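Kindly produce the complete structure, drawing on both the sequences and the hints.
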Amino acid sequence: MDPFSVEGELLNIHSAFHSGSYQNVIDFDTTTLSPENQLPAQVLQLRAQIALGQYDESLQASDDIPDLSAVKALALHSAGKSDAALQLAQELAENYPENSTVQVLAGTVLQAQGHSEEALALLSKHQNSLEAVSLTVQIQLQQNRTDLAIKEVQAAKRWAQDSLLINVAESWVGMRVGGEKYQSAFYVYEELASAPGTSAPLSIVGQAVAEIHLGRLPELIANSIVLNVLAGKNTEELESQLQQVDPSHALLVDIQEKSEFFDTAAAKFSAKVAS
Amino acid sequence: MQSSPNMLTKFESKSSRAKGIAFHPKRPWILVSLHSSTIQLWDYRMGTLIDRFEEHDGPVRGVDFHPTQPLFVSGGDDYKIKVWNYQTRRCLFTLNGHLDYVRTVFFHPELPWILSASDDQTIRIWNWQNRSLICTMTGHNHYVMCAQFHPTEDLIASASLDQSVRIWDISGLRKKHSAPTSISFEDQMARANQNQADMFGNTDAVVKFVLEGHDRGVNWVSFHPTLPLLVSAGDDRLVKLWRMSDTKAWEVDTCRGHFQNASAALFHPHQDLILSVGEDKTIRAWDLNKRTSVQSFKRDVDRFWVIAAHPEINLFAAGHDTGVMVFKLERERPASAIYQNQLFYITKEKHVKSYDFAKNVESPPMLSLRKLGSPWVPPRTLSYNPAERAILVTTPADNGTYELIHLPRDATGAVEPTDVKRGQATSAVFVARNRFAVFNPASKQVDIKDLSNSTTKTIKPPAGTTDIYFGGTGCLLFITPTHVSLFDIQQKKQLAELAVSGVKYVVWSNDGLYCALLSKHNVTIVTKALDQVSTLHETIRIKSATWDDAGVLLYSTLNHVKYSLLNGDNGIIRTLDQTVYLVRVKGRSVYALDRNAQPRILEIDPTEYRFKLALVKRNYDEMLQIIKTSSLVGQSIISYLQKKGYPEIALQFVQDPQTRFDLALECGNLEVANEMARELDRPKTWSRLGTEALAHGNHQTVEMTYQKQRNFDKLSFLYLSTGDQEKLSRMAKIAEHRGDFTSRFQNAIYRGDVEDRIQMFKEVDLYPLAYLTAKSHGMTEEAESILEAVGLTEDQITLPTLQQPLKVPHPIVPTFKSNWPVKAAGHSSFEKALLGEVGAADEEAGADLLDAEEDVQEATLARETLDDEEEVTGWDMGDDVEVEEDVDFVNVESAEAGAGSSEADLWARNSPLAADHVAAGSFDTAMQLLNRQVGAVQFAPLKPRFLEVYKASKTYLPATAGLPPLVNYVRRTVDETDSRKMLPIIPRDLETVASVDLQEGYAAMRSNRLEDGVAIFKRILHTLLVNTVSSEAEVEEAKKIIATAREYILAMSIELERRTLPADTPENLKRSLELSAYFTIPKLEVAHRQLALMAAMKFAFANKNYGSALSFANRMLANGGSAKLLEQAKKIKAQCERNPQDQIDIDFDPFAEFDICAASWTPIYSGSPSVSDPFTGAKYHPQYKGSVDRIAEVTEIGAPASGLRLFVPSQF
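These protein sequence lines are chains S and R, in that order.
Under the UniProt record's numbering, the residue at position 61 of the first sequence is numbered 61, and the numbers go up by one with no gaps.
Under the UniProt record's numbering, the residue at position 541 of the second sequence is numbered 541, and the numbers go up by one with no gaps.
It is worth saying that the hints were derived from the structure and are not from the lab.
Remember, predicted model here, so these are calculated numbers, not experimental data.
Each statement offered as a hint is correct.
Listed below are the simulated DSS-like cross-link pairs for lysine-lysine, each with C-alpha atoms no more than 25 Å apart in a straight line: (1) 421(R) with 444(R); (2) 1185(R) with 268(S); (3) 492(R) with 157(S); (4) 1018(R) with 268(S); (5) 151(S) with 981(R); (6) 807(R) with 775(R); (7) 708(R) with 727(R); (8) 268(S) with 943(R); (9) 258(S) with 1018(R); (10) 157(S) with 457(R); (11) 258(S) with 943(R); (12) 981(R) with 181(S); (13) 157(S) with 421(R); (14) 1104(R) with 1130(R); (15) 421(R) with 348(R).
A few chain R residues facing chain S, derived, Cβ under 8 Å: (16) 902; (17) 921; (18) 937; (19) 946; (20) 956; (21) 958; (22) 960; (23) 976; (24) 982.
Even glycine gets a Cβ: it sits at the ideal position worked out from N, Cα and C.
Structure representation (structure tokens):
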């Protein structure tokens, strides 16, 4: 039986992880789990720690168990040691391509460092791993291949319709497709946000993003910058706030880039007569 | 046979055998005549016995209410017919005549007649007004068991144990007894001939038809209310249906099913049903058209004897061996569901309709559920799923079935649904976007199903579960007779349980945080985690509930709409004349479905509960608002406030001085108390005020109350303790004046005034004491004079040992000068709010006054709040930017081939508009476009706008942990999925510019903040330059705004320049005068131009340029507007007209047409060469060609340009 399935004992920790309640994952009592579920639970907890920026435990993980080395690779990457992470991830991808944890985590590292094709190749070997599917979908979306992502989700829905991950992945795709799909995506996030097991920041953010796309304009942090611009408010404060929280957030990087681009582009034009 | 799920018992009584029943036509009353000789009057709604009437001997078999009068009639085995008044509770009279048991008695619907059927084989008609027998009908040759009037025609039907049913024509009787004078002889003859006289020659009532068909005695016969039909019930266990025409009557069909004597039968007043009861202990319902059994209800031991129908309401009563039961055949609660602003409900015709609360319109039918369940059973519940636009309907038919149906996109009519999924269950609710739960009591399990109706999960509900309800997303509420439990479907565990008995309905609040559990007589409010918040009890049945947006529960009972706050405070909002099922509250409207499943809107006054809610939430502003705007008074609200400990708020509502006084004391508001005490001026009031004031330490008030009460002793002591010597001595004077020696003595002691004491003792002849006092205070002379006066010498007196004389302590601090520090209870925040607001209003008024007094001076150009702000007509736009239709399409190369191209790239490809390119991040192409369209060359001022547009284009959706978020692109074409038509959203659309920015600009002009104004109008230009609009009309509007902004920037720049010029040299003065004249040229709003003109006029006048000043004054007068300005203009005009000459010659011809060069601020007279800016349209002298436009600072003056594009028709 799939331990993450609806009936499995890992359901709650799994849902918590994927809805972004990382602290709940770390606090999860794993002692009552059956032995075969101990390792996946540990992996989830380590990943939650990485997500919260606590790398130490993961970096010390044993190299003997491929699952844990995969976690280590992710930790290395997140800690900024990109080269070591990439090397480890590539090694793991070569040696344990069948291990689902390796697929997902090494895939994440590969994608994060721009090796999308390698990541997709590794992920394509998965055996009904929902995480692999959702990661694949994300990579495809990042490559702007919405068509492939739709196919991937459709295929996965045939065997795992009820899964949180697939629902969320479907809503990612929906946010690209637009139209009525915005509304469906919104419903998915709304449902997640209001259900007690999955109510977490990620669900709420997702809900807010969907609302923006639907042309409704509520408020939320990274998105409220966008939102505040749309609503005609000042965003400097929020931007500096974001700068503190996450200086490398894609939005900031992007704006900086564009600001420079503007200056170079604008320099090409000038008035014939200086005024 | 199990009891039918549809027969709903509303009331049951316990008594001896019930033989006759009658419903009161208006009130919820039922008369029951018993075998034990008693007649009972019940209120079946409250379940109480109102009265008993016991004058008959032996069983009473028939009763009937009079349709309008407070009368009823009864007939029994004592052969008597009695007429009663139920108000006076007395038997009015008895009609004697029958010779055997009286079986039934009925009033005629309009005539003053009573119809009785008796075992003496006769049917009699009595006039109850003159208490006489007017007709006896003979013909039956056995007991007549029942006789009834036709509801509208002059017919009587009778049933007899002789196995026949007879129809009698009584038109003769009516003619004879109504207006006998109008009957001519011919009429009488005709009637005599037409009607066959019976064997006794009686033509008043003649047998019309004899219906034979029953094989045994017939117990009952009833007319159909509207159709020419009859139904009869007999000892042959059959119920027979008969039809009649003018000339004949015949048997239509037989309803077979009773397995014992059928006692009575009647037609359903509104539906095509027959109801019958029998000694086989059953009530049966039959389809009138098919004569098939629809449903039946069986009692265990009691045989049924009689059945009656309520004339108006869907209610029946049946009498049996041990009492009566009042019941309904079906639920009348229409199945409904609410989603946001829409109500979905099922009508009586089983059509699904929706109702829009926002528009208050009812949709046409969307679906017909005719085939759902059985035809006589209405659906029970409806659950709506907005994500899938699907409904789940349950019906109790066939032991409970549900159907899952997708609603059609548009309501086009009552179509039969096509794709229907169904199954067995008594309850079915949506629990998530793609899941619903069904409960099957037979298998005692809850199945979670997906939309293809396959079970994905099975849950064992707690034992005894009767119903399930939605419990918040992913959760279910299980209802058992004693508990409600909350269950998480995903985790498969019970989250909470609450002991509440008999819950029937669950109503969630709009925000999903609270939920009301309704049982028959209780409302329990719980949180979403099932923690009990409050509970309340109603003696009258609770029917429905709905939540106000503010979190107030409104619920309906049988006859009231009431409210309950979360804390359990409740009250009545309005009464109801008929039962309704509340679905929604919006402002002053309560939406409800009535029993015919019609949406209704009830007007309510929400003031009371809103006020209480505001009180609970301590929202004083709102309370203030309510107090001010509504007439919220009344004892109930005052006592409520008092009870809740808010006397200071209650104070705001009260006018009555006594109550105000009491409340003021309670909240320690001495000022008000004082005021009220003055008004009341009663000793008791003063004394209470005094006590309270003393407790506060407010001794000035205390003093006043003592004065009012003439309480001199206390007053003296008060002065003593506050150290007010002056007043104390006045008290002494008063005491002396009053001749009150005790008081005088007391005051003297207080004051330490020995002389006065001695004097007083002397006055009352207490010389020993006077002497002693004098002596002890060392006043020897005085002592001796006393001795002298009484003729004694010192040695004759024995004195006790003298000690130190008494010294009166004096207060160190003269507290009388002001009050002691007073208890700081003073004002509640509520009162502060009240006071604060008054203060603010005063200030405002003051400010207004100041404003009015201020002089009109040039620097304060704009302080005027110009009242005439209406749109200036006839905008002269000058040269408009031309729109050319050639598409300067910039093609953006697609990105790497491996991955797809991002949506931003698509935007740039999809649109020729610069704004879309900016949003796509393709700044270079956007700049190329702007360069071509309007000759834009200096982009730096546009940078904020570029980044603003760009920032608004994307959202970041967190996805897999460890990877950057997914970027999504925000579209303005929200409904578009075709990648070739997707376009980005552009912030600050035209509407925002027009309604926000432009107004800001005007405000800057009015308030004389010209630097700000220039910046604002520049921003407007930049915003419009990088923007999109959605129609040609909006393009025109955008152009207008561009022109307006240009004119304002020009005008403001000129005025700013003038202000920087020192007026020290003649050249500068001349230039200043010119600039102030040019300031009047740009086409501003009239009100603003008046300001410019006013400034120019004054400036010119001050510098003796009377000619210019005159022309400005004339222009001002021509413009009209604010009276004050015109007054000034008139004055100046009058002065200038005396000498219309300019002292300083300036370059300004008031009579010529000219533009102002935006760079040099000099006139460009018409006809002289000029260049204009391709974007703003500003005019320049030719030498400025090729430099950057001074208005928007973006474009090159005189650059070749195709014109700004903001709109592409094909995009919309």
